[in-house]
Amino acid sequence: MDSRVMKCERCGREATVHLSERVDEARHEAHLCGKCARRAGIEAPEAPGTPLLESLVDQLITRHVGELVGELSRTSCSLCGVTFMEFRVDGQLGCPHDYEAFAKGLPPLLWKAHGATRHVGKVPRHAGLRPVGTGLKTRSELRKAIALEDYEQAARLRDRLRQEEDHAS
Amino acid sequence: MNLDELSRTSGEWLRGDGPESDIVMCSRIRLARNLADFPFSGRASKGEKADVERAVRTTIDRAGLRLTYYSLMDVDQLDRQMLVERQLISRELAAGDGPRGVAIGHEENASIMVNEEDHLRIQVMHSGFSLGDVWERINRLDDDLEERLGYAFSPQLGYLTACPTNVGTGIRVGVLLHLPALVHTKQIEKVFRALHKINLTVRGLYGEGTQADGDFYQISNQQTLGKSERELIRNLSEVVPQILSYERQARKEMINQRRQVLHDQVSRAYGLLKTAQTISSSETMLLLSSVRLGINLGLIDDLEIPTVNELFIHTQPAHLQKLHGSPLEVDERNIARAAFLRRRLANGKSTGPEVEE
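Those protein sequence lines, which keep their order, are chains V and G. Under numbering that gives the first Met the number 0, read the first sequence as residues 0 to 168, first letter to last. Under numbering that gives the first Met the number 0, read the second sequence as residues 0 to 356, first letter to last.
I should point out that these hints are in silico values taken from the structure, not numbers from a laboratory. Where hints are given, some of them may not hold.
Said to hold, decoys possible - Some chain G residues flagged as far from chain V (calculated, every beta-carbon gap over 10 Å):
1) Glu11
2) Asp16
3) Arg233
4) Ser244
5) Ser280
6) Leu344
Stated by the list, open to error - Only some residues are given here: those of chain V computed to face chain G with a beta carbon under 7 Å:
7) Gly90
8) Gln91
9) Gly93
10) Cys94
11) Pro107
12) Leu108
13) Leu109
14) His113
15) Arg117
16) His118
17) Gly120
18) Gly134
19) Leu135
As the list claims (entries may be wrong) - Ranges of calculated distance between the beta carbons of each label pair, as one might list FRET restraints:
20) Asp158/V with Thr57/G: 17 to 23 Å
21) Ala115/V with Asp75/G: 27 to 33 Å
22) Gly97/G with Glu85/V: 48 to 54 Å
We treat Cβ as the ideally placed atom computed from N, Cα and C, and that holds for glycine.
Only chain V is shown next, with the shape it has when bound in the complex (with noise of 0.2 Å):
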């Protein structure tokens, strides 16, 4: 056998599947044959001719993300329509509730970029004083009313809202 080629860990066979991956700093590789590949769960497909990199990457996005990711990106604010996948493309979260609606894919994201998920720090004195969300909620119903063209309904929110409004400040 060529020198140059990569054996498999396990059986010394030639290793025709390849992973690595980055934990923190170090970069760990594994070279598996096809056989030993599928007795560790990673089911290189045997059929000659299959792209054989595509199905393996979509293999393990489903193993290590896969459900996680299914169930969030149909996600969606119900106040103010942004999906979590929106929000993974641009950054950007579009309300204050949305905190809430993707509270199960925040985490990761938060402990990534602080290395914390919960806040240290100065606290508001109003704070809790009025519920979060209130103001959004009528909002996110006016826009439904415009979009309907139900203009009597917008204008009942719209005084809601002025009423909500003045009794904040």
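Since chain V is already given, all that's left is putting chain G on it; use the hints.
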């Protein structure tokens, strides 16, 4: 004060006093805040942005904050660029659309951007190394605003921001440092690498993604969640003196080992600035940096630091055009810049910005 007057003055943060002001140009803190009842600016309709703007303006008036509000819808492109050059607004706010603006305080120490990425970006800057004072001031300002504005806040995640990289305290603590000797002795990269390792960011004078001009670097925190404002301020405050000592050490070595060469270099830079007939913005920054170093090392004695600090800002494109009173093409700007420099440097000690020929 209208914006034309503003262009002829300069902010307190350029005054060149305060602790360690030979290296620390200014200390700055910004807080990102959002109103609980509105979508974030990027998702808000024109009407909603107008409502946010109105709420903030009303609050500023009622709280008696001594800030002047400028709606950017009424400010032309040149004036917007001038505000960017003065560090009062971001490029993003200048280039944005819809209802948005900035409230600017006396002496330009404080500014509040409205409808940037977050509804409010509050900023306070002071000349020199004085993060403690800056925090006292911005904390009070934030309290005053919070009395009347319903901030988006969650007990677990803190102040909620459009981008989760700012959530929690929403704070960015920064210092603007002049580090010519570390650049000259090629040690600056090493310093940057060390800073990155402890989660601090380095930017140029004009914000993210721009090349550092005039050997000025802004160093600030990245983490905003999980550490208190005071801790984050303390972290940065502990690191800055180390950078200062590296810069001072590098300056000492430069002057001990090659005083003559350095003196020559600094004098030539000064000479060029005083006599050039046409000069680009980047060459100006480079030469001003040399001159600033020269003053601090006692190699130039007829020019004062505040004058040099101001020139870094007043020779920027929008400022030159404001001073000139009409738009200028690049070539015309280079000529106008050289003329302005000759005028201002004719007598280093007594040149007020309003002294015109």
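Here is what the structure says about each hint:
Listed as a non-interface residue, Glu11/G keeps its Cβ farther than 10 Å from every Cβ of chain V; the least gap is roughly 25 Å. With a minimum CB-CB distance of about 29 Å to chain V, Asp16/G clears the 10 Å threshold, and the non-interface call stands. With 10 Å as the threshold on Cβ separation, the claim that Arg233/G sits away from chain V holds: the shortest Cβ distance comes to roughly 12 Å. Here Ser244/G stays apart from chain V, with its beta-carbon at least about 28 Å from theirs, past the 10 Å limit.
For Ser280/G, the condition that its CB be more than 10 Å from all CB atoms of chain V holds, with the nearest at approximately 31 Å. Against the 10 Å criterion, Leu344/G stays outside the reach of chain V, whose nearest CB is about 45 Å from its own CB. For Gly90/V, the interface hint holds, since its Cβ comes within 7 Å of a Cβ in chain G; the closest pair sits about 6 Å apart. The beta carbon of Gln91/V comes within 5 Å of a beta carbon in chain G, closer than 7 Å, and the hint placing it at the interface holds.
Given the 7 Å rule on beta carbons, the hint for Gly93/V holds: about 4 Å separates it from the nearest Cβ of chain G. A hinted interface residue such as Cys94/V counts as satisfied when its beta carbon comes closer than 7 Å to some beta carbon of chain G; here the least separation is about 4 Å, so the hint holds. Because the smallest distance between the Cβ of Pro107/V and any Cβ of chain G comes to about 11 Å, over 7 Å, the interface hint for this residue is violated. The criterion of a C-beta within 7 Å of any C-beta in chain G is met by Leu108/V, whose closest approach is roughly 6 Å, and the hint holds.
The interface hint given for Leu109/V holds, since its Cβ lies 6 Å from the closest Cβ of chain G, which is under the 7 Å cut-off. For His113/V, the interface hint holds, the least distance from its beta-carbon to any beta-carbon of chain G being 4 Å, beneath 7 Å. Given hint, Arg117/V at the interface with chain G, holds; its Cβ is 6 Å from that chain's nearest Cβ, closer than 7 Å. Nearest Cβ of chain G to the Cβ of His118/V: about 3 Å, under the 7 Å cut. The hint holds.
For the restraint placing Gly120/V at the interface with chain G, the shortest Cβ-Cβ distance is roughly 4 Å, inside the 7 Å limit, so the hint holds. Among the interface hints, the one on Gly134/V holds; its C-beta lies about 3 Å from the nearest C-beta in chain G, closer than the 7 Å criterion. Checking Leu135/V against chain G: minimum C-beta separation of about 6 Å stays under 7 Å; hint holds. Hint check: Asp158/V to Thr57/G, Cβ distance near 19 Å, so the stated range 17 to 23 Å holds.
Evaluation of the 27 to 33 Å hint for Ala115/V and Asp75/G yields a failure: the beta carbon distance comes to about 43 Å. Remark: the range hint 48 to 54 Å for Gly97/G to Glu85/V is contradicted by a beta-carbon distance near 20 Å.
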